[in-house]
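For the record, the sequence lines run as chains W and C. Numbered according to the working numbering, the first sequence terminates at residue 232, and the numbering increases by one at each position without gaps. Numbered according to the working numbering, the second sequence terminates at residue 413, and the numbering increases by one at each position without gaps.
Worth flagging that the hints you see were computed from the coordinates, not collected in a lab. Since the model is a prediction, treat every value here as computed from it, not as a measurement. All C-beta atoms, glycine included, are put in the ideal place defined by N, C-alpha and C. You may find that some hints are simply not true.
As the list claims (entries may be wrong) - Computed, partial: chain W to chain C, Cβ under 8 Å:
{"hint": "1", "residue": "Gly69"}
{"hint": "2", "residue": "Ala88"}
{"hint": "3", "residue": "Asp89"}
{"hint": "4", "residue": "Arg91"}
{"hint": "5", "residue": "Pro107"}
{"hint": "6", "residue": "Ser109"}
{"hint": "7", "residue": "Leu116"}
{"hint": "8", "residue": "Pro170"}
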Amino acid sequence: MVVLVDSATPLVELKNVSKSYKLGSVTVEALRGVTCTINEGEYVAIIGPSGSGKSTLMHLIGCLDSPSGGEYNLASESVAELDDFELADIRNRRIGFIFQQFNLLAPMSALRNVELPLLYAGIDKKERRDRATAALARVGLGERSNHKPTELSGGQQQRVAIARALVVNPSLLLADEPTGNLDSVAAREVLEIFDELNKSGRTIVVITHDDEVARHADRIIHIRDGKLQSAS
Amino acid sequence: MTWRMTLTSAFEAVQWHRLRSLLTVVGILIGITAVMITVGIGEGAQATVASQIESLGSNLLTVTPGSSSSTAGVRGGLGSATTLTLQDAAALSNPKVAPAISEVAPIIAGSETLTFGTTTWTTTVDGSSPAWLSVRSRSMESGRFINNQDVQSNAPVIVLGALTAQELFGAANPIGQTINVKSIPMTVIGVLTPIGSGSAAQSNQDDIGVIPISTAELYFAKAATGGNSLQSILIKAQNSQVLSAAYQEINHELLMTHQISSPVNADFTVTAEQSIVSAATSVSTTLTYLLGSVAAISLLVGGIGVMNIMLVSVTERTREIGLRKALGATRIDIRRQFLVEAAILGLTGGAIGVALGEIGQRVLPKVIGYSISIPAVATVGSLVIAIGIGLGFGVYPAARAAKLSPLDALRSE
Chain W
1 MVVLVDSATP LVELKNVSKS YKLGSVTVEA LRGVTCTINE GEYVAIIGPS
51 GSGKSTLMHL IGCLDSPSGG EYNLASESVA ELDDFELADI RNRRIGFIFQ
101 QFNLLAPMSA LRNVELPLLY AGIDKKERRD RATAALARVG LGERSNHKPT
151 ELSGGQQQRV AIARALVVNP SLLLADEPTG NLDSVAAREV LEIFDELNKS
201 GRTIVVITHD DEVARHADRI IHIRDGKLQS AS
Chain C
1 MTWRMTLTSA FEAVQWHRLR SLLTVVGILI GITAVMITVG IGEGAQATVA
51 SQIESLGSNL LTVTPGSSSS TAGVRGGLGS ATTLTLQDAA ALSNPKVAPA
101 ISEVAPIIAG SETLTFGTTT WTTTVDGSSP AWLSVRSRSM ESGRFINNQD
151 VQSNAPVIVL GALTAQELFG AANPIGQTIN VKSIPMTVIG VLTPIGSGSA
201 AQSNQDDIGV IPISTAELYF AKAATGGNSL QSILIKAQNS QVLSAAYQEI
251 NHELLMTHQI SSPVNADFTV TAEQSIVSAA TSVSTTLTYL LGSVAAISLL
301 VGGIGVMNIM LVSVTERTRE IGLRKALGAT RIDIRRQFLV EAAILGLTGG
351 AIGVALGEIG QRVLPKVIGY SISIPAVATV GSLVIAIGIG LGFGVYPAAR
401 AAKLSPLDAL RSE
């Protein structure tokens with residue numbers, strides 16, 4: 001799972017991206033001309049207060065939503081022009097999501113949860129099982145693959161979610177407040193896994209309002225009122 | 001996502017929401033069972049009615065005096081007029097005039113009191129010809145029926161129905177005994193084979209006396225009607241194919257002999273047993289439709305139940321749908337997942353419903369006393385309808401699920 005690091009290769013390119021929502025009769029400008037580049041192998045934290053547009057930015061980067069204006073290239077592919085099916089494919093193959101709420105399916109075992117993205121990739125049962133088992137082992141949960149989410153602690157659940165994100169071997173790991181629901185011990189464990197993954201070459205973008213989380217990243221992007229404050 | 005994976009995860013989802021799935025299935029199975037049982041009852045009733053009417057005599061046409069379609073002048077009601085005569089009956093017996101007719105039995109009927117010793121019994125006494133036996137599709141249990149000689153000689157003889165014979169004689173042999181019919185002594189020459197126990201219509205046919213028509217004319221008819229007029233003429237067609245030909249021959253011949261130019265003014269009415277069969281059949285068809293529509297409504301309610309459950313399911317599983325989309329599920333994957341779930345619910349309900357229907361078909365007749373026959377097409381149709389309901393009412397919830405943006409879905413709490 002080693003990805004060659006070439007800091008000159010841009011993975012995420014946002015050019016003057018804007019996003020506005022209609023809330024009833026009011027138009028909310030969530031993003032106002034965001035331009036930034038995240039290279040392959042980078043570990044970036046996007047930090048900002050609530051309502052700053054950081055979640056909107058994450059959804060755009062994760063191809064869960066499309067921009068109202070501007071350009072977005074993911075691995076040199078223009079995402080703004082893709083249809084629903086192509087976006088689903090991009091999400092499936094290129095992006096691994098990690099959510100604050102874990103979003104595991106309660107009736108399924110950890111293993112089945114991790115297999116889920118492979119199901120949509122059309123991978124056969126044997127390979128699904130092998131890859132999911134490997135991914136769980138990677139986050140240190142090889143012993144607990146048959147446990148249901150309710151039988152696991154919060155930290156363990158989030159590690160299952162990380163395994164699920166990793167199992168498709170995505171270009172980009174996208175985490176939205178990954179430690180928001182965890183105690184400090186579990187949070188540290190999760191951040192340590194992120195550090196390891198980044199060391200082995202994985203590109204990681206973490207959205208947070210927590211400086212402690214952001215400190216792990218190579219680079220911090222501040223966002224406020226839908227605009228980037230600094231791209232140091 | 002392949003179909004097999006979709007099926008597997010749909011089955012899982014149905015299992016995860018056991019109670020909800022169970023309730024949906026119950027809704028559908030009630031509808032399906034109701035449809036099957038009602039169709040079965042309707043079909044069973046039709047068969048029963050048809051066989052009962054069949055037993056009255058096949059290929060039978062009845063000519064009665066009077067007209068039900070009279071438009072001009074004053075006429076007697078059906079059966080009360082005195083326009084049918086033995087000459088009419090004789091004319092219809094002529095194979096040159098009416099080739100489609102095989103036998104003709106004129107009837108002078110009356111309700112008479114029969115006395116044997118101290119026992120009296122009031123019943124219908126038909127004065128008729130030897131043709132009566134075959135026209136009514138009856139047979140003799142013992143003794144003989146009226147013959148032509150009896151008719152020619154105005155013989156005081158009588159043939160009794162099985163029930164009548166039993167009422168008058170009990171277990172004793174009635175043949176050769178003399179009974180009084182309206183104070184006229186008559187010899188019992190035979191007993192008819194009973195049609196069978198069961199419905200009232202059938203036992204009535206076993207409570208009857210038959211005497212030669214000439215005897216009836218001599219002793220009863222004159223007093224009753226003042227002429228040699230008949231209550232009715234029973235006519236048997238050669239076979240059921242020529243029934244309508246026979247019908248036309250009767251009309252044509254009687255209009256001619258009665259010198260009536262317009263069929264509208266006919267002073268007689270011809271009715272076919274077949275038309276009673278079809279009337280009775282149409283009654284039970286109507287019954288089937290009525291019951292069927294009630295059952296269909298319950299199916300519809302079951303279907304709306306599926307839709308309701310699926311909509312609740314979509315709302316409840318918004319996060320799951322969002323997550324699946326984030327992990328790479330396309331709109332088609334999501335729609336298919338919900339449709340397959342709905343179809344599974346429908347099929348399960350349908351299968352159990354059909355099974356219950358089949359059990360009902362075997363058990364219910366013993367309880368309610370009516371025969372139930374569920375045609376195979378209803379069984380197969382019910383299953384198809386059940387899946388159709390699952391799919392049909394699953395389309396809208398599935399489309400709603402598919403349309404959810406992953407974003408909205410993940411945001412929902």
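Hint by hint, here is what the structure shows:
1. Gly69: 18 Å, violated
2. Ala88: 4 Å, holds
3. Asp89: 7 Å, holds
4. Arg91: It holds, given that the least Cβ distance between Arg91/W and chain C is near 5 Å, below 8 Å.
5. Pro107: Constraint on Pro107/W satisfied, holds at 4 Å.
6. Ser109: Because about 11 Å separates Ser109/W from the closest Cβ in chain C, which is outside the 8 Å limit, the hint is violated.
7. Leu116: At 6 Å from the nearest chain C Cβ, Leu116/W passes the 8 Å test, so the hint holds.
8. Pro170: With a minimum Cβ separation of about 10 Å from chain C (threshold 8 Å), the hint on Pro170/W is violated.
In this structure, the hints that do not hold are numbers 1, 6 and 8, in rising order.
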